[in-house]
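Going line by line, the protein sequences match chains A and B.
Quick note on numbering: the first sequence equals residues 1 to 384 in UniProt numbering.
Quick note on numbering: the second sequence equals residues 1 to 404 in UniProt numbering.
Since the hints were made in silico from the structure, they are not lab data.
The C-beta atom is built at its ideal place from N, Cα and C for all residues, glycine as well.
Be a bit skeptical, because a hint or two may be false.
Partial chain A-side listing against chain B, Cβ under 10 Å, derived [to be verified]:
#1 I48
#2 I145
#3 V149
#4 P206
#5 Y279
#6 M349
Here chain B is said to cover these stretches of chain A; the calculated rule only asks that three of the stretch's residues, wherever they fall, bring their Cβ under 8 Å from a Cβ of chain B [unchecked claim]:
#7 31 to 37
#8 172 to 180
#9 223 to 230
#10 233 to 239
#11 325 to 338
If you want the footprint, here are the derived chain B segments under chain A, 3+ residues with CB under 8 Å [unchecked claim]:
#12 31 to 39
#13 47 to 60
#14 83 to 90
#15 126 to 132
#16 322 to 330
#17 356 to 368
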Amino acid sequence: MSDTSMEKVIPGNRPSLPPPVTESGVLGWMRHNLFSNWWDTLLTLAAIYILYLVIPPFLNWAVFDAIWQFSPEVVQDGKQPQFADCTAISSGACWIFVRARFWQFIFGFYPDEERWRVVLTFILLVGSVYGLLSQRVANKKPVAIFFFVIFPFLAFFLLHGGLGLPEVPTSRWGGIMLTLIIAGIGILFSLPLGILLALGRRSQLPIVHLLCVLFIEFARGVPLVTILFMANIMLPLFLPPQFEPDILLRILVGVTMFASAYMAEVIRGGLQALPKGQYEGAMAMGLGYWQMMRLVIMPQALRVAIPGIVNNFISLTQDTTLVAIVGLYDFLNIVRAGSRDSNWIGTEMEGYVFCAFVYWVFCFAMSRYSMHIERKLHTGHKRH
Amino acid sequence: MASAKSAAAAANGENSIHQKRIAFWRDERTRGVIAQVVTILVLAGLFWFLISNFLEKQARSAGPAISFDFLNNVAGFQLSFSLLPITLDSPIGLLIVAAGISTLLVAFFAAIIATLLGLVVGVLRLSHNWLISRIAATFIEIIRNIPLLLQLVFWYTAVLTVLPRHKDSLTLFDVAFLNIKGMFLPRPFLQEGAGILLFVVVVAIGAAVMVARWARNRQMLTGQQFPVWSVNLLIVMGLPLLAYLALHEPIGWEIPEKGGFNFKGGLTVQPEMTALIVGLGVSTAAYVAEIVRAGIMSVSHGQTEAASALGLKANLTLRLVVLPQALRVMIPPMISQYLNVVKNSTLAGFIGFADLFSVISTSQNQTGRAIECIIILMAFYLMISLIISSIMNVYNKRVALVER
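The shape of chain B in the complex, shown without the other chains:
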């Protein structure tokens, strides 16, 4: 009886504890809300402090606090390289767009060099040949432990030292030239029939895709193989070539002409740009090589053995068994390497190449429009980061392991 009584009392006590509400400052949810409100208040206070300072300073100077009108003003400076037609009275806005395009162009070529060179170095690093593997490792360790800016100024000096002077320009069939002032290439321009040529290129690519599909389906059904690669190469290269010949030069070439001191016409690639592309590409290649090595090493040896037990040849083993699994490991770090190439291209200004950052910095110097310039700059890089990472994420999802 007594024990039952005490049990009941205990149950009562428990009940009373449950009924009594926790003090609100001990409640986890209330605490969470309070913490967030405090965070917001502190941040809002900070921002209010900063912005009121800013407005106070702006009030002393004439004109609106923030305005993008300066983009229409004539820029007082020129770009040394631009894909867009830039004249002396082009507005600042156009110069910024042109510089953005050159930034992307440089990053694109550097990424290609980085991928190819990194792939080669990464595979060589895994070579059974001791000497080759040591050389690859030395390359990687040297590049990764030296600041990128130092590498860029080194390449720039090296490029300038190696190249010949104008008088002794190197030439390729008298249409392309190379000297200390840059690389002078024929500039393509569109003529009548260029639209048709573009159409033919699109058709050829479409046809190649159709052939590849048909060949795969046939192999699935009958087991017969089809030389997809050579046939598609013929289609993609041959059809546009035929169209080019039939249309009587739909694309013209402006060939640089040798003058007394410089070349006239054509497309000029300055040594700054060459140094930038080579420097960025080589430096990123070392990181790519490590990614490739890690990717290949992540595929277990049993996979290769199983593939050769099935009778696959070495190249098929690589293509069908090792690479698809290695890519899965390699893609996320590769995304950040490509992003790094774009971000690191901001070092262009140090060697005198007009990339987006150096043009914006010059515009800021000339117009004094700091906030606007920084907004444009940040928006550009954030947008690129977002686009590259979302494209690569879509691809990553496609190759990712489908788990049950």
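Pulled out of the complex, with its shape left as it was, chain A reads as follows:
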């Protein structure tokens, strides 16, 4: 008897108790992250109330009360779908507007039977960009030659016509296709120009330096809209009379000028991130200026600049909406034009929400990619 009582008082011999319920699991997490003190509790409740005000009505409008299917008359009798089909049934979102116009939102007024050309160009583009960025492709040289030398011409003939393909004037281009073309060409051309401008800005030669600084600061000091306006109006004035540039070409010149100034600053950041030893080492090897840049400096500087370049691409994609100022039908403008159609008056919100969703998915994915690259590049020499 005495033995058992002795055993009971030996300290340290008991199984450890589980932590209190309020400190672990869901309850503990909530206590720490949502209700740690009275102020926190107040904030949480306020946030829940705001979410309650915003989310259920939005979901009701966009999902539960929304009209997704064409009415039977449209399907069976081939009647033109219109906004009245939706308002007759429900006050929710009228997604049949987007369904009815979907292919126009993607291709603009590109002729139906020629759309395969756009799709093919896009597949080639995605394939070669994947080849350039993926680590599985070891030999990037042929991909790079294809992408930077052959692809631009190929894309031009595919999209615009020629070489036996019927011509599609740029006035018929539009939608997501036009948005991607403008942003893509802007980035593609601004990259070499930006590299030259960045090198010029860091150059020892006073005149080259001054010219580059003037150009960069000018293009960054004025809004893109004014540059587009200038390109649209001034290019025809300053070019020979027999050469009347296409309106899309004028816009592309403006966008490229604008983008190359921003690109130059991103690349300059990459150049400045390199330690001086890299330059000195290259010079000690007896490399000349261009050899040094091509073989030693640029490969490293561009690697550091990739996140910035991707960010530039994101903002350029968003900025392409401004080409509506000269009457081009980019994605946003074609959606707006669609909801001004007499059959669809009142569908602005559906159009904007769809547009916002597409832009958001694209830009968010790109920004995550840029963050991923940044993290990958930082391994090894990040101080914490």
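Put chain B on the given structure of chain A with help from the hints.
Below, chain B without anything else, positioned relative to chain A:
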């Protein structure tokens, strides 16, 4: 001996290399000069080509190539909003000035909204409260990944949908009204004694500055604190109020009157302007929030701990320790955000607000004076960029880290 001989020969050889001049096309300095001359020649050739084309085209049309006389012509159009008195026969020049002022006004209010909202969202983003921090992050990610123009047209549609019609105007004490046609506010106008009131305001601000100085010196010398904020608030608000009452209404208020279809008199703020200010402000706020977050996170945790070890309270820690160091990181990116607000206000034309760009674009359409219009436009935005960045740079220098 032999080795000495060869050494001498080697020295001679070296000498001869030094004496022999490098071929001039291999000399770095000559190459630099040549590169610059070539750059200038190429650019000059390009400009000559462009300008000769331009002159050739101008020669066919009558009139001088470049002339700003069109600014004195009567504009055939009206502005929907203007702080300056604009009539039907105002010259184009006056309209452009008025539009420039509205651009700055819109940018100013949008920048205020962006700063305040961005500060709040940035702090909330760092909150320990999971839900709050997620909501702030969602807000930032939504705004930053949607084009600004889309946001503006969205706000415009939203504003127009929410506001009541003229008949059901909302009102505040029957002096301010709100409906789908805009916000109708009392318009202030100066009366006798306004100069004295202005003088009193200046004196009050001067006095407040003196009090703040005196209080700081006293605290430095004796350690005694003085309620600077409440006293100064009393001075700055109280003195002008007393003067206002004593001078018998030096500033009059023109109150909008409700008519059959619209309000008469008063100051009208159109829904376009409201949408523009809100849209620009909210969109910039997301970027400001990220800047604020980065700024606060850049101050190391040790700083806060050291401040609380010294016995500073939370608000004093924020004001005296965290913010001064965070500001140093925040100011350069904030400069570019303010510049962005001014630049992005050019999107006003898309929702029908008469900012500088849309007025210039209309004038260009009417007069055909492309070069002049573009010069005015570019000069305006470059000047604003220069002014804002130099003001902020001066401020930046003041708060920058003084290194040994």
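Here is how each hint holds up against the structure:
1. Checking I48/A against chain B: minimum C-beta separation of about 7 Å stays under 10 Å; hint holds.
2. Hint on I145/A is violated. Least Cβ distance to chain B is approximately 28 Å, over the 10 Å limit.
3. Taking 10 Å as the C-beta contact cut-off toward chain B, the hint placing V149/A at the interface is violated, the least distance being around 24 Å.
4. With its C-beta approaching chain B no nearer than about 8 Å, P206/A sits inside the 10 Å limit, and its interface hint holds.
5. The criterion of a C-beta within 10 Å of any C-beta in chain B is not met by Y279/A, whose closest approach is roughly 15 Å, and the hint is violated.
6. A distance limit of 10 Å between C-beta atoms decides the matter here; for M349/A the minimum to chain B is near 6 Å, and the interface restraint holds.
7. Only residues whose C-beta sits within less than 8 Å of a C-beta in chain B count toward coverage, and the stretch 31 to 37 of chain A has 3 of them, enough to reach three; the restraint holds.
8. For the stretch 172 to 180 of chain A, the stated coverage by chain B is violated: 0 residues have a C-beta nearer than 8 Å to a C-beta of that chain, whereas at least 3 were required.
9. Coverage of a stretch by a chain is defined here by at least three residues with a beta carbon nearer than 8 Å to that chain's beta carbons; for the stretch 223 to 230 of chain A and chain B the count is 6, and the condition holds.
10. Counting residues of the stretch 233 to 239 of chain A whose beta carbon lies closer than 8 Å to any beta carbon of chain B gives 5, which reaches the threshold of three, so the coverage claim holds.
11. Counting residues of the stretch 325 to 338 of chain A whose beta-carbon sits less than 8 Å from any beta-carbon of chain B gives 3, enough to reach three: the coverage restraint holds.
12. Taking a C-beta to C-beta cut-off of 8 Å, the stretch 31 to 39 of chain B contributes 4 residues in contact with chain A, enough for the three needed, and the coverage statement holds.
13. Taking a C-beta to C-beta cut-off of 8 Å, the stretch 47 to 60 of chain B contributes 6 residues in contact with chain A, enough for the three needed, and the coverage statement holds.
14. Beta-carbon proximity to chain A at under 8 Å applies to 0 residues in the stretch 83 to 90 of chain B; the threshold of 3 is not reached and the given coverage is violated.
15. With 6 residues having a beta carbon nearer than 8 Å to a beta carbon of chain A, the stretch 126 to 132 of chain B meets the requirement of three or more and the stated coverage holds.
16. Chain A is given as covering the stretch 322 to 330 of chain B, and this is violated because 0 residues of the stretch bring a CB closer than 8 Å to a CB of that chain, at least three being needed.
17. With 3 residues having a Cβ less than 8 Å from any Cβ of chain A, the stretch 356 to 368 of chain B passes the three-residue criterion, so the hint holds.
When the structure is compared with the earlier hints, violations turn up for hints 2, 3, 5, 8, 14 and 16 and for no others.
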